[in-house]
Structure formats: C-alpha cells, structure tokens
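Now for the letters of each chain:
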Amino acid sequence: MGEFRFMQGNEAMTEGAIAAGARFYAGYPITPSSEVAETSSIRLPQVGGLYVQMEDEIGSMAALIGASAAGKKAYTATSGPGLSLMAENLGVAVMGEIPCVLIDVQRSGPSTGLATKPAQGDVLQARWGTHGDHSIIVLSPSSVQDCFDLMVTAFNYSEKYRTPVIFLSDEIIGHLREQVILKSPEELDIFERPEPTGDPKDYRPYDHSNGLAPLSHFGSPYIFKVNGSMHDEWGRPCARPDNADRIIRHLSEKIEAHAEEIAITRRYNMDDAEIVLICYGGAARSALSAMKKAREEGIKAGVLQIVTLWPVPDQEIREAIAQAKTVIVPELNLGQYIGEVEKRNEKNIPVIGVNRIDGQPIVPAQILAEVEEAAK
Amino acid sequence: MIKDYLLEEKLPLFWCAGCGNGIVLQAILRNIDKRGFTRENTVITTGIGCWGKADDYVTTNSFHGTHGRALPFSTGIKLANPSLNVFTLMGDGDGITIGGNHLIHAARRNVDLVAIMVNNLNYGMTGGQYSGTTPKHAITKTSPYGHVENGFDVCKVVQAAGAPFVARGTVYDVVQLDKLISKAIDHKGFSFVEVISPCPTHFGRSNKLGDAPKMMQWIKDNTISQEKAAGMTRDELQGKFVTGIFEEREQEDYSTAYQKVIDSLRGGENE
Amino acid sequence: MKTQKEITISGVGGQGMILCGTLIAEAAAVHEHKKATLSSEYGVETRGTFAKSDVIVSDEEIYFPDVTEPDLVVCLHQVAYARYSGKIGDALLLFNSDEVAPDAVAQGPQKGLPITQMAKELGNPQTTNILTMGIIAGLTKVITPEGAKEAIRKFFQGKSDKVIALNEKAFDRGYEEGAKLQEDAI
Chain A
340 MGEFRFMQGN EAMTEGAIAA GARFYAGYPI TPSSEVAETS SIRLPQVGGL YVQMEDEIGS
400 MAALIGASAA GKKAYTATSG PGLSLMAENL GVAVMGEIPC VLIDVQRSGP STGLATKPAQ
460 GDVLQARWGT HGDHSIIVLS PSSVQDCFDL MVTAFNYSEK YRTPVIFLSD EIIGHLREQV
520 ILKSPEELDI FERPEPTGDP KDYRPYDHSN GLAPLSHFGS PYIFKVNGSM HDEWGRPCAR
580 PDNADRIIRH LSEKIEAHAE EIAITRRYNM DDAEIVLICY GGAARSALSA MKKAREEGIK
640 AGVLQIVTLW PVPDQEIREA IAQAKTVIVP ELNLGQYIGE VEKRNEKNIP VIGVNRIDGQ
700 PIVPAQILAE VEEAAK
Chain B
51 MIKDYLLEEK LPLFWCAGCG NGIVLQAILR NIDKRGFTRE NTVITTGIGC WGKADDYVTT
111 NSFHGTHGRA LPFSTGIKLA NPSLNVFTLM GDGDGITIGG NHLIHAARRN VDLVAIMVNN
171 LNYGMTGGQY SGTTPKHAIT KTSPYGHVEN GFDVCKVVQA AGAPFVARGT VYDVVQLDKL
231 ISKAIDHKGF SFVEVISPCP THFGRSNKLG DAPKMMQWIK DNTISQEKAA GMTRDELQGK
291 FVTGIFEERE QEDYSTAYQK VIDSLRGGEN E
Chain C
818 MKTQKEITIS GVGGQGMILC GTLIAEAAAV HEHKKATLSS EYGVETRGTF AKSDVIVSDE
878 EIYFPDVTEP DLVVCLHQVA YARYSGKIGD ALLLFNSDEV APDAVAQGPQ KGLPITQMAK
938 ELGNPQTTNI LTMGIIAGLT KVITPEGAKE AIRKFFQGKS DKVIALNEKA FDRGYEEGAK
998 LQEDAI
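Chains as they are written, first to last, in the numbering used here: chain A, 340 to 715; chain B, 51 to 321; chain C, 818 to 1003.
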C-alpha cells in the first residue's frame, strides 16, 4: 500500500526519483524548479544519497553524467535558462549513452522571461536542444501523481535505452498541490541497469550489434571509456565514415525503433469523439475541463493527452485524426507540438491551435469557445 | 609496469615533436603504477585540446567530455564512488579559460581528486590562439600585434579559491614534476598541479623562441624556485615561472564531510 | 448543482496565502477525503507584489486548478482588493478591513473583518493566515474544524505546544467569525 499525501508537484518529483532508485542530484537552483533541489537536499542524504549544488547548469549536467557513469542513478532539475546551459553536456549524455534524468519545469521565456509564470515553450528545445542528430525521450506530467509515477518511468526508460530523459514539466504542475499516492517499492517496477557479462577484456560498451550493450560503471571489472567525440565500439576515438554513420543512426534508431513501446498517451471520451483536443502537461488540465463542459452541452468532444512527447506517439495521433472532424491543440506557446499533428494530417481536417503566451494558463473557456465553434 | 597503463595500439602519440604532453603523461602513469592503482579503480577525465587527447592512450577507465568541463565530470564520478582514484587532465584552455569557473569552485568544494593542468600558454590544437594564460605582448594567431591582456597566475587563483594542495612544475625538471604529482596523489582533497610545457609548433614559432630544444631551454631559463622568487620584486618576476609547492594543508574533503551528514541522519546505516 | 467550491485567497507576497490555502486543501483531501487542489500565482519578488492562492474542493476530479467561478474571494491587501472588487459577480468578497479601504460603492456582496486586529488580540499578528483559514472554514464549511486542526498540528509539528495551541486558537477565533458571517448571509 502506498502513502496518501497532499504534496506539491516539484516535491513529488523528488519522491518519484528516490523511489526509482536515484541517489545523486547535481543542480543549480532556478525558479520554478527550486523545490526539487530543496527537497532533494533534504531527502537524498536520508537515504544514503548525495546532493551537490554546482556552480552552474553546465557543471551540474557534467556532474550528473559523471555520477551515472560511476553507477548512481542521477537527476537534476532546472528551467528554461538552465536548460540552455545544460544543452551542452546533454550532448555528452546522448553521445556517451549515459542514463540520467533532466527535469525542466518550464517557465515563460525567451531569456529570463517571466521567471514565475508558466509556459510550454521548451517543447522543441527538449527535442533538439543539444546540437547534432540524435533522438531523446521527453515525458510530460499533468498531475502531482504523474510527477511521482512518471518519474519512475523516466528513470526506467533512461536506463533501458541508455539515454538522457527529459522530464518536461511546467510551472502549473510543478507548483500545483494536490493528493498523491506515493507507491511503496513493491508496487513499482524498477528497471535496473544490466551488468555486462563475459570476459572484461572483451567488454565493448558501444557494440550494439546484439541489441543495446549493457553499460558498466567505473570501479567495476568492466573498464570502459566514455567519449563525447566520435568513437568506436570500445569508446576509443574513431573518425572512420562508416563508424560515424553507424553511431549516429544508432543514437536515433535505438529510440525511434521503440517509439510505440515508449509512447504513453491517455484517451478521455475518445470513443465517439468528433472534436479531439490533443494536449499535454499543464494545458491538458484546461483541455479536460473544456471537454467536460462541452460534453455537458452535448458536443462530442474527446481528449488525447500526449504524455510521451518525444518520440512522437505516431499511431495514436493518426488514429485521433482519422476519427476527428476537427482537432484542437491547446499549448502554452505559439504552436510547437501542433506541427507534429499537422505532419500527420493526411485527411486535411482543420487543426486549430489555442495558444497563450502571456504567462497565464489557458482557461477552459478559451478552449471551449473553439470547441463550440467547431461543433457548429 | 607503466606499459600496463598505456594503450600501445594507439601509439605513437599524436603530439608534435618537442611537445611536453608525453612527459607529463609518463609522470602521471609512473605515479599510478608506483601506487599500484588498478586500471579498474582509476578514472582519467580529460577536457578538449591537445592534452585532452591523453585519455586516448590509457588503459584505465576514462572520460573524455567537453571543453573546460573535466572537473565537474570528475566531481560527479568521485562523489558517486569515493573509492575511485580520479585524475583530471586539463589544458590552460580547459582549466582556467573556458573552465575557470569550475576550477575555482572545485578548489573551494574540495573533492578528493588530482587535477593536472598543462599550461602551454596558448590553444595548441586549434592552431595557436591566445588563452587565459597567454602573457602580455605575446604573439598568437589571434593577438598578431602582441597580446594586450594579462595572463593568469593560475596557482595563485587556485590557492585563493581555497585548494589545500597547489603546486607548479615544468616538463624540464621531470624529477621535480614526479615529486609534485606524487605529493598531489598522497594529499587528501583537491590537489592541483600546474605544469609549464612548451608548444614549439605554435607559441614557440609565433614568438620566435626557436625549435623544440631551444624552447625547453627557454622554459629552463625562465624558471625560478619558490625560495628564490621570495626575494624578488613583482617586476623581476614578470614572465618567470615560479615552481614549487604553494599550498599544502589538511582540510576535510567533500565526501568525508557529506558522509558525516548521511551518518548523522541514518545512524551509520548505509545502503 | 455545483459540487465544487472555489476559493481565492489574495494579497501580496509574504502574507502567508499559500500556507493558508495549502492547509485548507490538505485538510479537505486528507481528512474529508475530497478532491482538492491548491495553485498559486506570485511575482519574482518574495515580498510585496500581488500574489494569490486558489483552492478548489470538489467531490469530482478537478482538472483546471485555477479558480474561474469563485464562491469566495478573500483580499488581504489593497492591491488584491483592487484586482477583484466589482469583478467577481455574486461571489462574496471578504477583505481585511485593517489593510483594505473598500470602494465607496461596491458592486456585489462584500464584507470586511479586522483580521490583523483579531490576530493581535490573540497575542501574535503572525496568526493572520491561520485566522483567515478559520474564517474560510467557518464560512464555506469546505473543511471541518477537526480536519483543519489536524492539518495545523501536522504543519507545526516539532514546534512548541504553545505555538500549536495559539494557532488552534486562531483557527477557532476565525471559524467563529466565519460561521457568524454565514448566518448573516442566510
């Protein structure tokens, strides 16, 4: 049995990370994510873990990756300005295939923007924030319960696919307080990093010819090299064109080929829905409220909530478009995820964005007005 | 055997003839060997640049990250597993220029690791542009009319930032260098060694310091022991490399201090 | 029939609105087994600019966590009063008359209580937020005094018995005033 608590989203993320087995946090406090740092500094030493506050987000991301390479599940939390700094070493985690979880509690940007106000402006930066071709997993919570449960999923995906995972929250969910059940360890499925087997001399951490190679940790008999530069199966530098081609394709395909497995979506009143709201994160709650009111008015509205933003849940979005007369995409940005919907709109139905960028949440009435208009 | 730590199939070293990097790498591996550190319990982290390629040649665990970030990578590695022997190799670009902020905070944070900064007074790998240690008036690819800025005295910076062990040597005096690295390893806490090393290909050529042997001579001629430097004026010390141990004191390292926090909360119980 | 109660507690940063709202929502969720949310809005300054917390208590799932159809708006500062006065329809606007000078002709129902003075009379002006919590509970009945006090005791856990007793007393004092207001309304 879990523990019933009334808790803030940011705080539940810390609990989720610890439940997932995370024992290392390196970060730099920033609004509206600082409660993750604060609660981590309290909770981690209680469970034998370690919190370290670095000099900036560049160093934070580096320490995180170092700790993970040394065998600890590790996480950090930031917001837009910090994400921009973390983008550099996020690339090292991608290239070195080092698991870690980066929480971004989105606030209004660009630059310092509106530090305390919600936004969902980092959706594309989460996907492409670090340079070069790669793929990445991005999860978006919409409740305090998600902050706990999905955080466990984030660590599981990170370890399973040897990739950084971005936990893309927003100020609405990060600072929301509501009930949450902190599940007990026996109720959780935790994916542990598989240890290499066989002769340590033959250990090749980047030989993925037989599925993803297990990642060892520094200090084990399996010595290894992490290399942010292009490398061969051993992690040694290698500039051969065929090797570069192999590595870059692998970094993308190891995630994209498992997109359906990684995809998490939620369907609300979708069975007969003609007007479909495709949404995520804090804005999903506005959409759900609008959907409920629309149903009270007799409008066949439904919600497809995208929890795994990247890789894109292709099938689920295509199915929603197939059944819909109109798709509405509410986002706290000028339309970042709507592009993914439009890409799949072969039926050429109306795809309408409801966008808000003034630092205020989208109120359900804004979405309802579009739903009512579409239902005419 | 030092050879046990060298990845022979990667030899010969790619560094230019007359470069000091090979001398420093040898001194480090000699000391690792002398202590019997295993390849399994040793991690060498590097930055980017000529010296940042050092990890290519070692058989220990290694981490080749991003420019200037070797210290924060090492911080995470060491804090996650304090039983590892962590060596952080940086150039002057990594160490004090792009990574200067990490360096001063690492000195203050006092994580138990050895940081070795090879200072060749310019960016060698990218063709000889100026760095944070390039002296005033020096000619580089980006200071073609003479450098208008002053270079850092890196040891003073690290000392001021609170590191418990700070030393400087040169690749000319290998006996001294061996000793400094040895002491740095034995010292618990953040131990910093700066090594003055020639870049005959770029810095030497741009400043007409002659070929590799002449540049080695130039380093020798401009090196002054700490004892001798004590009696000299600031002007007299201009352009000189002062060598020796500038700081050597006991100070509780990060992991020890943090473990006390954990123990106080858990009554000694650990996972 | 609306099964959802929506309450806004507004003022300027530093007046303890988030604690007040959190304890109400927590008591509703943990002790009354209702659905409850607390969302807040604040500025970059820790003190002095407009801030509010929105409490929603419901028998059903709460989706949008901000107050859109308020049942009660509490204003603890002039800045907050200026934002809400005349703009919340039939909902009751309750203000701290020690901090707020109300409009000469106010639209919609409004009521002032000398909350600061009441807190001072209890012996500590810092009890304003718990006193406000009591007023809201007495007025709206979204939580019971028992549940509220459990939440208060949990929050002040580790503090002296004196502090806990003072805050419980502040709640009771507020609850009494709130209940009176409700009777007046009927």
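FYI, nobody ran anything at the bench for these hints, they're computed from the structure. Just so you know, not all the hints are guaranteed correct.
Said to hold, decoys possible - Footprint (simulated), chain C over chain A, 3 or more residues, beta carbon under 8 Å:
1) 414-425
2) 652-665
Stated by the list, open to error - Below are the BS3-like pairs computed for lysine-lysine, each with C-alpha atoms no more than 27 Å apart in a straight line:
3) B:258 x A:540
4) A:522 x C:852
5) B:53 x A:540
6) A:631 x C:852
7) C:928 x A:522
8) A:632 x C:971
9) B:84 x A:540
10) A:631 x C:904
11) A:632 x C:904
Quick caveat, the model's predicted, so the values are computed rather than measured. Here a beta-carbon is modelled for each residue, glycine too, at the ideal position from N, C-alpha and C.
Cross-check of the supplied hints:
no.	hint	result
1	414-425	violated (count 0)
2	652-665	violated (count 0)
3	B:258 x A:540	violated, 48 Å
4	A:522 x C:852	holds, 19 Å
5	B:53 x A:540	holds, 17 Å
6	A:631 x C:852	holds, 17 Å
7	C:928 x A:522	violated, 44 Å
8	A:632 x C:971	violated, 37 Å
9	B:84 x A:540	holds, 23 Å
10	A:631 x C:904	holds, 25 Å
11	A:632 x C:904	holds, 23 Å
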